[in-house]
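Please put together the full structure from these sequences, using the hints given.
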Amino acid sequence: MAFQNKKSSARPAGNRLLIKGGKVVNDDQSFYADIYVEDGIIKQMGESLLVPGGGFQTVEAYGQLVFPGGIDANTSLFSPQRGQQPADDLQRGTRAALCGGTTTILDHVLVEPGTSLLTAFQQWRDMAEQKACCDFSAHLDITRWHNGLTEEVEALVKDQGVNSFLFFMSYKDRYQSSDSQLYEAFGVLRDLGAIAQVHAENGDIIEEEQKKLLCLGITGPEGHVLSHPEEVETEAVYRAITIAKQANCPLYVTKVMSKSAADIIAKARKKGMVVYGEPITAGLATDGSHYWSKDWATAAAFVMSPPLNPDPSTPQSLVSLLACGDLQVTSSAQASFSTAQKAVGKDDFTLIPEGASGIEERLSVVWDRGVCSGKMDENEFVAVTSTNAAKLFNMYPRKGRIAVGSDADLVVWNPKESRTVSAKTHNLSLEVNILEGLEFRGVPSVVICGGRVVLQDGKLNVSEGSGRFVNRKAFPDTVYKRIRARSKMAEARGVPRGNYDGPVHDVISMTKSVPPTPTTRGPPCPKTQTSLRNLHQSGFTLAGGQVDDHLPQRSSQRVMAPPGGCSSFSSLS
Amino acid sequence: MSDCRRQWNREDELPVYLAGPIPTGPNQRKTYGMFSSVEGAFESKSIDFDNYAVGRKGIRTPRSGSRERVLDAGDPVGKTSSEAREGSLTNSPGDTDDQQAGVEVRYSSGKESPNEESERLLIKGGRVVNDDQSLYADVYIENGLIKQVGENLVVPGGVKVIEANGRMVIPGGIDANTCLMKPYLGTPPADDFLQGTKAALAGGTTMIIDHVTPEPGESLLQAFECWQEAADKKACCDYSLHVDIPQWDENVKDELELLVQEKGINSFQVYMAYKDTYQMTDSELYEVFSFLKQLGAVVLVHAENGDLIAQEQKKILGMGITGPEGHPLSRPEELEAEAVFRAITLGNRVNCPIYITKVMSKSAADTIAQARRKGYIVFGEPITASLVTDGSHYWSKNWAKAAAYVTSPPLSPDPTTPDHLNTLLACGDLQVVGSAHCAYSTSQKAIGKDDFTLIPEGTNGVEERMGFVWDKAVAMGKMDENQFVAVTSTNAAKIFNLYPRKGRIAVGSDADIVIWDPNSTKTITAKLQQSASEYNIFEGMECRGGPALVLSHGRVVYEEGKVQAQQGTGRFIPRQHFPDYVYQRIKVRNQAKNQQGVIRGLYDGPVYDVVPTQTYITPSPSARTSPTSHQPPPIRNLHQSNFSLSGSQIDDIVPRRSGQRIVAPPGGRSNITSLG
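First to last, the sequence lines map onto chains G and D.
Here the first sequence stands for residues 1 to 573, where the numbers follow the UniProt record's numbering.
Here the second sequence stands for residues 1 to 676, where the numbers follow the UniProt record's numbering.
It should be emphasised that the hints constitute simulated quantities derived from the structure, not laboratory data.
Think of the CB as a built atom: it goes at the ideal place given N, C-alpha and C, for glycine as much as any other residue.
Heads up, a few of these hints could be off.
Unchecked claim - Listed next, the in silico DSS-like pairs over lysine-lysine satisfying Cα-Cα at most 27 angstroms (straight line): (1) G/Lys271 <-> D/Lys362; (2) D/Lys362 <-> G/Lys267; (3) D/Lys374 <-> G/Lys259; (4) D/Lys527 <-> D/Lys478; (5) G/Lys488 <-> D/Lys315; (6) G/Lys481 <-> G/Lys271; (7) G/Lys23 <-> G/Lys375; (8) G/Lys267 <-> G/Lys23; (9) G/Lys259 <-> G/Lys416; (10) D/Lys374 <-> G/Lys212; (11) D/Lys374 <-> G/Lys271; (12) D/Lys593 <-> G/Lys259; (13) D/Lys314 <-> G/Lys488.
As the list claims (entries may be wrong) - Sample of chain G residues facing chain D (criterion: CB under 8 angstroms; computed from the structure): (14) Arg82; (15) Gln85; (16) Ser178; (17) Asp204; (18) Glu208; (19) Glu209; (20) Glu235; (21) Tyr238; (22) Arg239; (23) Lys245; (24) Ala343; (25) Val344; (26) Lys346; (27) Ile483; (28) Met489; (29) Ala492.
What the hints assert, rightly or not - Have a look at the derived ranges for each label pair, beta carbon to beta carbon: (30) D/Ile599 <-> G/Gln85: 29 to 39 angstroms; (31) D/Gln294 <-> G/Pro113: 28 to 38 angstroms; (32) G/Gln29 <-> D/Ile599: 48 to 58 angstroms; (33) G/Asp263 <-> D/Lys233: 50 to 60 angstroms; (34) G/Met489 <-> D/Gly318: 11 to 21 angstroms; (35) D/Asn482 <-> G/Ala485: 48 to 58 angstroms.
Right, dumping it as structure tokens:
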């Protein structure tokens with residue numbers, strides 16, 4: 001927090017702003033109000049505000065909507081893939097974000113196996129402090145879970161303000177986690193109050209499919225989508241949900257790209273599981289038919305994991321689920337690689353770096369596909385683009401809401417205008433935009449980030465390094481209220497019963513010949529030693545109180561233990 | 001006569017099996033009256049039903065029925081071949097023995113020839129029920145094969161005649177899942193091949209398919225031979241074997257090939273549970289599936305998520321729960337459903353048929369049903385225990401009782417599960433009923449008295465299997481008799497390529513036949529069972545329906561509650577690969593699913609220079625990932641390859657290759673940004 005103060009004081013004092021005449025849209029209601037902003041915080045809201053003194057800037061928003069600034073819950077602006085840095089770094093990426101109405105990003109920090117989480121996080125943070133133009137926070141991508149990481153994770157959650165961690169179920173032999181690892185990690189995260197995220201694809205199947213396709217001579221980008229079929233995603237989503245259910249840990253599935261995966265999430269939610277799904281810009285706007293494009297560069301630009309679904313009805317379906325609340329958060333999954341970078345895989349689709357743009361178009365896509373089509377209203381729009389993410393990742397109500405005391409991250413939205421996406425006009429360095437030529441209604445006319453107007457009249461006015469790190473506390477209420485209650489409920493209890501006093505098959509000699517079995521069926525539990533109480537002796541040697549002293553059966557037990565007594569154990573209680 | 005008609009009408013109005021106690025004996029034919037056609041409906045039809053002699057018998061049914069009423073205690077149903085079809089009234093009294101109606105064995109007039117009694121047999125007056133239709137027909141058996149099916153059969157003299165008295169004559173049951181020799185910590189189960197097959201016969205099952213369970217590291221072939229040897233000595237009914245694959249390596253591949261090609265095995269089980277012993281990773285499963293598909297075998301999957309079970313077991317032992325209730329607590333239903341989902345996904349990716357053994361929970365069964373609706377080739381096998389009882393008994397105060405129920409996947413604690421599984425079985429979403437019979441004695445179970453993970457897993461069920469399917473499904477009105485035959489026998493025969501030798505009553509099929517009595521009731525108890533285990537998990541339950549007489553290989557092996565089987569008479573039945581029922585669709589899909597790449601011009605733009613680093617290909621130590629050498633083929637340097645590699649290349653067929661050297665300007669970007 002000290003850090004934050006330093007930042008805000010570094011800003012020019014008297015940064016005062018009045019947004020007039022707009023319709024304020026939150027996720028629960030819309031109303032007409034003016035907003036007065038001072039020092040990056042919303043100070044007053046209402047009609048005919050009494051603003052002290054003069055010298056403030058006025059933004060006219062008549063006839064337009066004022067949203068809380070968008071929160072992009074999934075970007076990768078710093079994570080290298082196969083040794084290549086993304087073409088758009090934190091500076092260019094956040095610039096594009098602001099241009100599209102997104103004022104906060106949650107960036108993924110990929111921690112290579114064997115690297116310290118804290119070091120990787122610090123490195124990323126230093127870079128972000130220097131470069132980011134909008135507020136930022138981080139998810140950590142843990143590529144190899146082992147119990148030794150518990151301390152680092154704890155430090156990150158408690159001291160560094162990171163409360164979400166991503167695990168890969170894909171990328172075999174590089175990043176993939178096994179079910180056991182996921183279960184253990186989920187347990188740790190639950191105890192710390194963090195959110196588990198998964199990249200859900202079955203890496204084992206993908207690898208086998210990739211081998212097969214390469215053998216068939218398919219080396220182009222279409223091999224990517226062929227080797228990442230929809231059901232592989234669905235399977236992993238199902239498995240992740242099962243594991244999270246067992247561990248009683250909240251789960252956030254990143255990049256929901258197919259109908260069936262989204263349906264699995266929706267069904268699990270109907271069964272009461274704490275699981276969230278995140279479709280991305282590309283998945284909401286376009287489909288996977290482009291992988292078969294004759295132009296290699298175009299086809300390669302679409303390569304991402306999970307891939308866009310070839311089924312053309314997928315975007316519609318995902319938008320519908322988003323509108324009805326079965327999916328909750330939209331993000332961009334921005335990870336841009338230039339055509340030259342993608343061309344590393346020109347002879348082998350498995351080497352094409354994965355990722356596409358979307359950070360800039362996200363709000364417009366959701367507006368056009370969701371609100372203009374009549375599927376969702378403006379309040380739901382705010383929920384899926386900003387508020388839900390803020391709630392899940394514990395930034396609410398500082399972010400994701402227009403209220404007195406919240407950060408002055410605001411977007412003045414012009415629903416009447418439209419724009420056509422093109423690689424020539426976007427703010428990224430990419431040569432290909434996957435949404436090239438598509439027209440989207442709804443454009444941000446003014447964007448205010450931290451109380452400063454960064455976009456007005458189509459002009460960007462950002463300064464590198466002006467973004468602040470957003471500290472996120474553990475145990476977000478939206479997520480953890482239910483988890484806590486369930487932890488109390490879920491305690492299993494054993495059945496108190498008398499000791500078994502029948503004959504026991506003798507296996508001592510046999511265990512030697514079959515050594516693997518005792519270790520495998522469970523932990524080589526030390527309990528067996530203590531609990532194998534010899535009843536014939538116990539009456540004499542164990543004088544103190546026993547665990548099962550309170551059981552009524554016990555007193556009679558010594559009496560009815562004839563050496564070969566079968567009578568008592570075959571009788572049914 | 002008016003009296004007769006009145007009675008007949010009353011019968012007509014009765015719902016088949018729901019209408020309380022059903023009259024026994026000769027009336028049996030009439031009880032099907034509800035579904036038989038209007039009296040005389042066929043009489044004016046001139047279709048030649050000679051091949052289906054039953055058609056005519058059907059016409060006569062009401063009449064013979066009414067006649068039986070008149071004759072009451074008589075036994076007119078058994079008619080010799082010389083009898084006229086119509087107007088048998090006068091003849092029949094001559095045939096009557098003074099027995100009450102029931103299944104009876106006698107010899108045809110005069111020529112008693114005891115030597116041939118096992119060779120030639122005639123089952124008279126029964127209703128032959130196959131999975132597709134039921135018909136009245138006599139069945140003539142010679143040398144263990146069905147020689148004739150029909151009416152008015154011409155048979156040589158001196159045959160043994162079995163009067164079925166209108167009872168159902170069904171193909172003998174096939175139990176597709178037993179473990180009669182699966183050792184636990186070196187000790188065999190209480191029921192070996194002798195006891196187990198005797199129990200099977202007593203329940204109307206005339207063939208079992210047993211699981212060969214080699215330990216990890218053991219040779220599959222040796223294990224198979226060991227099992228075969230034991231079974232040849234002891235089994236009283238025909239048997240075949242599934243082989244479980246405990247681990248995956250090159251040796252196993254060779255052995256599998258041998259087993260399929262030469263030993264007549266076409267089904268293999270893989271495990272998704274039992275971490276660190278039998279469990280396979282998804283990659284291994286993918287390879288196994290691909291391999292077995294090429295061999296034309298059926299893959300059986302034990303579907304539970306072993307990783308999570310191991311974790312849950314640790315947790316539950318840590319909480320101090322050591323009793324049998326820890327077993328279901330550590331193996332919740334979700335883990336079964338998850339693994340089933342994963343197995344089906346893998347199977348569909350590989351395009352390989354999957355058979356899920358032991359479907360124990362509603363959600364697992366629903367997952368299978370949904371997948372079948374999407375066209376996936378998957379079969380589900382509920383077992384006797386899951387169709388009859390639920391998992392509430394794990395919480396029994398009696399340790400021995402609770403432990404007797406321990407099996408994997410566990411019985412679901414949800415009491416509506418059996419009903420649901422029976423419903424899915426009846427509608428065809430689940431296909432085969434197994435028993436997963438693997439009976440350990442209580443003293444063997446007691447090895448795990450202080451740690452539930454050590455309790456050997458397995459329940460009884462081979463003897464009760466057919467009876468309970470009848471009781472829970474047919475007698476409840478969920479299933480008809482044909483579907484009953486399908487799920488207890490025919491479907492298994494089809495899936496495992498025993499059909500039509502087994503699983504059907506037809507000329508040329510093996511004479512494994514059960515005369516089924518739907519009216520018998522018995523109360524299950526360990527005291528009266530054939531199995532050697534001391535505890536029966538169905539203890540005290542009443543079961544309607546049971547075999548009256550069982551023929552195995554043309555010999556009477558069970559009659560009047562007594563098993564008369566001889567040790568070692570069971571034969572090994574080899575099974576051919578590529579069962580049609582399963583593989584026809586697979587073969588077509590193989591062709592239909594052919595994937596093709598896009599033919600496009602060569603990318604000629606700049607390529608980012610990557611310094612090859614090896615750091616990110618480090619194999620993960622985790623259990624699921626095998627450190628296989630899987631590195632993608634290195635990028636071939638095309639500028640060099642044209643000179644040095646003069647032979648034919650893998651990608652010679654790809655047309656773009658020839659143009660490669662021409663269009664490569666150093667900074668040429670014109671091509672890349674244009675959208676195709």
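Comparing the hints with the structure gives:
no. : hint                                      : in the structure
1   : G/Lys271 <-> D/Lys362                     : 14 angstroms, holds
2   : D/Lys362 <-> G/Lys267                     : 16 angstroms, holds
3   : D/Lys374 <-> G/Lys259                     : 14 angstroms, holds
4   : D/Lys527 <-> D/Lys478                     : 31 angstroms, violated
5   : G/Lys488 <-> D/Lys315                     : 15 angstroms, holds
6   : G/Lys481 <-> G/Lys271                     : 17 angstroms, holds
7   : G/Lys23 <-> G/Lys375                      : 20 angstroms, holds
8   : G/Lys267 <-> G/Lys23                      : 36 angstroms, violated
9   : G/Lys259 <-> G/Lys416                     : 31 angstroms, violated
10  : D/Lys374 <-> G/Lys212                     : 24 angstroms, holds
11  : D/Lys374 <-> G/Lys271                     : 22 angstroms, holds
12  : D/Lys593 <-> G/Lys259                     : 21 angstroms, holds
13  : D/Lys314 <-> G/Lys488                     : 19 angstroms, holds
14  : Arg82                                     : 7 angstroms, holds
15  : Gln85                                     : 10 angstroms, violated
16  : Ser178                                    : 4 angstroms, holds
17  : Asp204                                    : 3 angstroms, holds
18  : Glu208                                    : 4 angstroms, holds
19  : Glu209                                    : 7 angstroms, holds
20  : Glu235                                    : 4 angstroms, holds
21  : Tyr238                                    : 5 angstroms, holds
22  : Arg239                                    : 5 angstroms, holds
23  : Lys245                                    : 6 angstroms, holds
24  : Ala343                                    : 4 angstroms, holds
25  : Val344                                    : 5 angstroms, holds
26  : Lys346                                    : 5 angstroms, holds
27  : Ile483                                    : 17 angstroms, violated
28  : Met489                                    : 14 angstroms, violated
29  : Ala492                                    : 5 angstroms, holds
30  : D/Ile599 <-> G/Gln85: 29 to 39 angstroms  : 33 angstroms, holds
31  : D/Gln294 <-> G/Pro113: 28 to 38 angstroms : 35 angstroms, holds
32  : G/Gln29 <-> D/Ile599: 48 to 58 angstroms  : 56 angstroms, holds
33  : G/Asp263 <-> D/Lys233: 50 to 60 angstroms : 54 angstroms, holds
34  : G/Met489 <-> D/Gly318: 11 to 21 angstroms : 19 angstroms, holds
35  : D/Asn482 <-> G/Ala485: 48 to 58 angstroms : 51 angstroms, holds
Violated hints, in rising order: 4, 8, 9, 15, 27, 28; the structure is consistent with all others.
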